[in-house]
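J.: If you want the building blocks of each chain, they are given just below.
Number of protein chains: 4
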Amino acid sequence: MSDPVRSCDIQIRVRYAEVDQAGALHHSRYWVYFEMGRTELLRAQGLCYRDLEQQGVFFVIAKCSARFRSAAHYDDLLTLTTRVTKTGQARIDHVYELNRASASGSPELLTTAETTLACVNRRGKIIPIPQGVRTPT
Amino acid sequence: MSDPVRSCDIQIRVRYAEVDQAGALHHSRYWVYFEMGRTELLRAQGLCYRDLEQQGVFFVIAKCSARFRSAAHYDDLLTLTTRVTKTGQARIDHVYELNRASASGSPELLTTAETTLACVNRRGKIIPIPQGVRTPT
Amino acid sequence: MSDPVRSCDIQIRVRYAEVDQAGALHHSRYWVYFEMGRTELLRAQGLCYRDLEQQGVFFVIAKCSARFRSAAHYDDLLTLTTRVTKTGQARIDHVYELNRASASGSPELLTTAETTLACVNRRGKIIPIPQGVRTPT
Amino acid sequence: MSDPVRSCDIQIRVRYAEVDQAGALHHSRYWVYFEMGRTELLRAQGLCYRDLEQQGVFFVIAKCSARFRSAAHYDDLLTLTTRVTKTGQARIDHVYELNRASASGSPELLTTAETTLACVNRRGKIIPIPQGVRTPT
Numbered sequence: 001m002s003d004p005v006r007s008c009d010i011q012i013r014v015r016y017a018e019v020d021q022a023g024a025l026h027h028s029r030y031w032v033y034f035e036m037g038r039t040e041l042l043r044a045q046g047l048c049y050r051d052l053e054q055q056g057v058f059f060v061i062a063k064c065s066a067r068f069r070s071a072a073h074y075d076d077l078l079t080l081t082t083r084v085t086k087t088g089q090a091r092i093d094h095v096y097e098l099n100r101a102s103a104s105g106s107p108e109l110l111t112t113a114e115t116t117l118a119c120v121n122r123r124g125k126i127i128p129i130p131q132g133v134r135t136p137t
Numbered sequence: 138m139s140d141p142v143r144s145c146d147i148q149i150r151v152r153y154a155e156v157d158q159a160g161a162l163h164h165s166r167y168w169v170y171f172e173m174g175r176t177e178l179l180r181a182q183g184l185c186y187r188d189l190e191q192q193g194v195f196f197v198i199a200k201c202s203a204r205f206r207s208a209a210h211y212d213d214l215l216t217l218t219t220r221v222t223k224t225g226q227a228r229i230d231h232v233y234e235l236n237r238a239s240a241s242g243s244p245e246l247l248t249t250a251e252t253t254l255a256c257v258n259r260r261g262k263i264i265p266i267p268q269g270v271r272t273p274t
Numbered sequence: 275m276s277d278p279v280r281s282c283d284i285q286i287r288v289r290y291a292e293v294d295q296a297g298a299l300h301h302s303r304y305w306v307y308f309e310m311g312r313t314e315l316l317r318a319q320g321l322c323y324r325d326l327e328q329q330g331v332f333f334v335i336a337k338c339s340a341r342f343r344s345a346a347h348y349d350d351l352l353t354l355t356t357r358v359t360k361t362g363q364a365r366i367d368h369v370y371e372l373n374r375a376s377a378s379g380s381p382e383l384l385t386t387a388e389t390t391l392a393c394v395n396r397r398g399k400i401i402p403i404p405q406g407v408r409t410p411t
Numbered sequence: 412m413s414d415p416v417r418s419c420d421i422q423i424r425v426r427y428a429e430v431d432q433a434g435a436l437h438h439s440r441y442w443v444y445f446e447m448g449r450t451e452l453l454r455a456q457g458l459c460y461r462d463l464e465q466q467g468v469f470f471v472i473a474k475c476s477a478r479f480r481s482a483a484h485y486d487d488l489l490t491l492t493t494r495v496t497k498t499g500q501a502r503i504d505h506v507y508e509l510n511r512a513s514a515s516g517s518p519e520l521l522t523t524a525e526t527t528l529a530c531v532n533r534r535g536k537i538i539p540i541p542q543g544v545r546t547p548t
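Chains as they are written, first to last, in the numbering used here: chain A, 1 to 137; chain B, 138 to 274; chain C, 275 to 411; chain D, 412 to 548.
Pulled out of the complex, with its shape left as it was, chain A reads as follows (with noise of 0.2 Å):
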């Protein structure tokens, strides 16, 4: 039997749009870049975000924290990885690791994240994981 899939990099391309006055990704973005993440690591256990949600599965964000070390830039090619860390019966941890490819080949990395998940029902009310969700095989 395979382990389940508990990481998966995706490639990001930074828009003009997520850029602020300073030339730098604006610290905000970074959000919407973990939840891309998330939604691909999902897919690449065989499960797709959406249809939880039409099953009246939410995963809604209880908590996080982030360190910024360097700058992102406007058309940057980001590599950004994401990993299940911790799975309870009704939350679900993830680290998140944000590259630059540089010249030289070596990535360099920008940003560390994490956050942690609660699972809710269409009302917000806390409920435990689905089984499929939390052991994918």
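Watch out, some of these pointers could steer you wrong.
[Claimed, not checked] Below, computed lysine to aspartate or glutamate pairings styled on EDC-like, alpha-carbon distance capped at 16 Å: (1) Lys474(D) x Glu525(D); (2) Lys337(C) x Glu234(B); (3) Lys200(B) x Asp283(C); (4) Lys474(D) x Asp51(A).
It is worth saying that the hints were derived from the structure and are not from the lab. Only a predicted model underlies this, so the values are computations on that prediction, with no experimental measurement involved.
Position chains B, C and D against the provided structure of chain A, taking the given hints into account.
T.: Okay, now just chains B, C and D, sitting in the frame of chain A:
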């Protein structure tokens, strides 16, 4: 009987995250401002768009156009004028003028725009605009 | 001599944060997509908008219009076609078509739009479009 | 001599475009609000962040964290409290509390957050915080 409210002015402070690396309010954000103008125009008419949606009445943008004359900048204090120009069975037309207060006191016109909204139900089907919304008193 | 590249297609996955509470891609986000289309059209022509800005050549939106036919939804995979329709001394006109792949295979046209860009320098003054940008080969 | 201003409250109306399809203020938008809080706290201290940037003084987010307790919704009227907790040679720490006015009159705490800003110059190099910004009077 008093005339219905057809126009309203709101003040908007340009946020840091709304400005691009050329130092200009990004053109995508104007539509967010215009939407705020419509929300406040409805409120001045004694209506609340949040309540309308809860009653199953949605307004969606069918078409829009804008002309950008001068850029708005971070921390500018703008005045948005929102005006209803035409109300049909299932559509409402608005025009918008966005001005910046200048040191001389006379406002500087930055942007003009027009939108046509369609009234739809929860499933996106065109429906007649409810009477209270069409001719507010 | 080969014809200049006048059109390009890109694929865009609708992000969760781009969709509003009515479940539709918010109309303000389309302009972000169209800007991505222009960036990639330039790249297909061998140019990089980031470099142009560093050389003091900026393109700003002078006017725009759009017609929204059907809503795009979260996780939809869209194809954006960006096409140059006219190049003047200091302006470029583009048209955009945004389609969604459908189960039947034939794409569904969601949105059409047009923009006119003005070429300006760092201070916002209109300047002639550099020769290499006007007629790419 | 009066104490420096260390805290300020601002009111924010949640915009339609800021809310996601689950009906909640998207977690990425809170950082935009917190940035507004910092801008207004500086203004209450007699400073203008726009002017600071023009003088070559930039504040960038080095790290941040947030805890989300309850969701904010479209058209909610929120009160954001922004407070300086620590000022170092080249960094400033803030805490944030976001409350919603409730029908009963007592505010409902939605979110708490913390940020650490680093003071940098135009090239992103850490610099000492200018004296007037460190201890406003």
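J.: Between the alpha carbons of Lys200(B) and Asp283(C), is the straight-line distance 16 Å or under?
T.: violated (23 Å)
J.: Do the alpha carbons of Lys474(D) and Glu525(D) lie within 16 Å of each other, as the hint requires?
T.: holds (8 Å)
J.: Hinted pair, alpha-carbon criterion (16 Å max): Lys474(D), Asp51(A). Please report holds or violated.
T.: violated (34 Å)
J.: Does the alpha-carbon distance linking Lys337(C) and Glu234(B) stay inside the 16 Å limit?
T.: Satisfied, since the Cα-Cα distance of roughly 14 Å is no more than 16 Å.
The structure fails to meet hints 3 and 4 from the earlier list, while all remaining hints are met.
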